[in-house]
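K.L.:
Build the full structure now, drawing on both the sequences and the hints.
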Amino acid sequence: SGLCYVIPELKWVLHDMHHLQIGPKILKQFKLTNDTHHRKTASRLVDCLFELFGTRRSNVWYLENINPKHKNHEASTDMFGHLIVRRLNAEQKVMVKQMAAAGSRPCQILSTIHQNDPSSIVISKTVYNTMQSIRQERLDSHTPVQALLDELQGSDFEFEYQYD
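Per the numbering used here, numbering of the sequence shown is gapless, rising by one per residue and ending at 144.
Worth flagging that the hints you see were computed from the coordinates, not collected in a lab.
On a predicted model such as this, the values are computed, not experimentally measured, just so you know.
A couple of the hints might just be wrong.
[As the list claims (entries may be wrong)] Cβ pair distances, simulated, as ranges:
hint	residue 1	residue 2	range
1	F137	Q116	17 to 27 angstroms
2	R115	R67	17 to 27 angstroms
3	S104	E71	11 to 21 angstroms
4	E54	G134	54 to 64 angstroms
Yeah, the Cβ is synthetic: ideal placement off N, Cα and C, and Gly gets one too.
P.N.:
In structure tokens:
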């Protein structure tokens, strides 16, 4: 179970930190352990009075709107500005991976996503970030040169290299 609370300055305060799960890819990329990581979070809004209280029971989040008022802005009517709705679904991630492997440019990938799902509000930055994530996964925390050497050593190619 986890517990989170949004304070008026819109910064997340996480209780029960031992229940916070960080993906192994992130831990590996930044050389973190579950005990030593500290995630910095902040909101794009300042001095907003909105407060939300959430508890998680049996893999279901229960949210309670403590203060629905917004001090310096109106409540959002368009979901486009919210990052969560611009995420790629599993099918779209597979499409990005396949098209990137085939050499397609990000604008072509984005166009294909919008053709397949006209209601999708994915933007080019999401596609670029996904391609970068796929690249990091493929490199397996090696530099591109190290990954190339590993690939060549595991194949039937003959090659020579020298170190400085």
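K.L.:
Against the structure shown, which of the earlier numbered hints fail to hold, in ascending order?
P.N.:
Violated: none.
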